[in-house]
Amino acid sequence: VLLLVFCLLFFHTPASSRMQKIVIDRVESPTFDGTHFGSVGQYEKIVGRMFGDIDPGGLAHRALVNLPLAPTNELGRVAYTTDFHILKPVNPERGNRTLLTGILNRGNKLALVLLNDVPYGQRTNDPSNISDAGNGFLMKQGFTIVWVGWQAKGAAGAQCCVPQGPGHMGAKFPI
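Numbering (the numbering used here), first residue to last: 1 to 175.
In short, the hints are calculated from the structure, not lab data.
Any given hint might turn out to be false.
The calculated lysine to aspartate or glutamate pairs, modelled on EDC-like cross-linking and capped at a C-alpha distance of 20 Å, are [claimed, not checked]: (1) K140 - D117; (2) K140 - E28; (3) K45 - D132; (4) K140 - E44; (5) K172 - D25; (6) K88 - D33; (7) K21 - D55; (8) K21 - E74; (9) K21 - E93; (10) K88 - D132; (11) K88 - E44; (12) K88 - E28; (13) K45 - E93; (14) K45 - D126; (15) K21 - D53; (16) K45 - D33; (17) K45 - E28; (18) K88 - D126; (19) K88 - D117; (20) K45 - E74; (21) K172 - D53; (22) K172 - E74; (23) K140 - D33; (24) K140 - E93; (25) K172 - D55.
Just the calculated beta-carbon pair ranges, DEER-fashion [claimed, not checked]: (26) L100 - I175: 29 to 37 Å; (27) S39 - G121: 24 to 32 Å; (28) V65 - T98: 32 to 40 Å; (29) R62 - E93: 40 to 48 Å; (30) L75 - I24: 23 to 31 Å; (31) F51 - G121: 26 to 34 Å; (32) H36 - N73: 41 to 49 Å; (33) S16 - S131: 41 to 49 Å; (34) L99 - I130: 21 to 29 Å; (35) F137 - A63: 35 to 43 Å.
This structure is a prediction, so every number in the text was calculated from the model and none was measured.
Using N, Cα and C, we set each Cβ at its ideal position, and we do this for glycine too.
With these hints in hand, go ahead and build the complete structure from the sequences.
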């Protein structure tokens, strides 16, 4: 116990990144036209944005090219924003207590295409009706599905990867 306390007191590093604010832009409860997915029941959708900042001098961020050259806020930190999208059981007690993180490809959600047999298309990025749930596999299993934007939004240069169109998820970083 003393060794653990010693390590926590002398070998911890201060947080070099932090989330400042979470904004929920839209809640759709229930979603998927109110469909019940077996014993799990109905699902809801939560869509929003997270606002954070990082310490440009933090050791964890050494590999980020030119980060010390980015504009900073009044605290000397580099601010960013990222989108998030959550599908979860309305009654969390009926879920399987497992979070599935869907990886985005250029701002497009693919988890439901790959695991629920949903046809790929514009509706994939904002699933709302029962056809957007495909065969409902993940929902029938009780997963909470989360997507977080990680690729930069924009149309040119380093900000090339995520289109600005509706439903595309990404992040806004300083140039």
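Cross-check of the supplied hints:
| no. | hint | result |
| --- | --- | --- |
| 1 | K140 - D117 | holds, 14 Å |
| 2 | K140 - E28 | holds, 19 Å |
| 3 | K45 - D132 | holds, 12 Å |
| 4 | K140 - E44 | holds, 14 Å |
| 5 | K172 - D25 | holds, 17 Å |
| 6 | K88 - D33 | holds, 14 Å |
| 7 | K21 - D55 | holds, 16 Å |
| 8 | K21 - E74 | holds, 16 Å |
| 9 | K21 - E93 | violated, 27 Å |
| 10 | K88 - D132 | holds, 15 Å |
| 11 | K88 - E44 | holds, 6 Å |
| 12 | K88 - E28 | holds, 11 Å |
| 13 | K45 - E93 | holds, 17 Å |
| 14 | K45 - D126 | holds, 9 Å |
| 15 | K21 - D53 | holds, 10 Å |
| 16 | K45 - D33 | holds, 12 Å |
| 17 | K45 - E28 | holds, 5 Å |
| 18 | K88 - D126 | holds, 14 Å |
| 19 | K88 - D117 | holds, 18 Å |
| 20 | K45 - E74 | violated, 35 Å |
| 21 | K172 - D53 | holds, 12 Å |
| 22 | K172 - E74 | holds, 18 Å |
| 23 | K140 - D33 | holds, 15 Å |
| 24 | K140 - E93 | holds, 14 Å |
| 25 | K172 - D55 | holds, 17 Å |
| 26 | L100 - I175: 29 to 37 Å | holds, 33 Å |
| 27 | S39 - G121: 24 to 32 Å | holds, 30 Å |
| 28 | V65 - T98: 32 to 40 Å | holds, 35 Å |
| 29 | R62 - E93: 40 to 48 Å | holds, 43 Å |
| 30 | L75 - I24: 23 to 31 Å | holds, 25 Å |
| 31 | F51 - G121: 26 to 34 Å | holds, 30 Å |
| 32 | H36 - N73: 41 to 49 Å | holds, 46 Å |
| 33 | S16 - S131: 41 to 49 Å | holds, 44 Å |
| 34 | L99 - I130: 21 to 29 Å | holds, 23 Å |
| 35 | F137 - A63: 35 to 43 Å | holds, 37 Å |
Of the numbered hints given earlier, the model fails hints 9, 20; all others are met.
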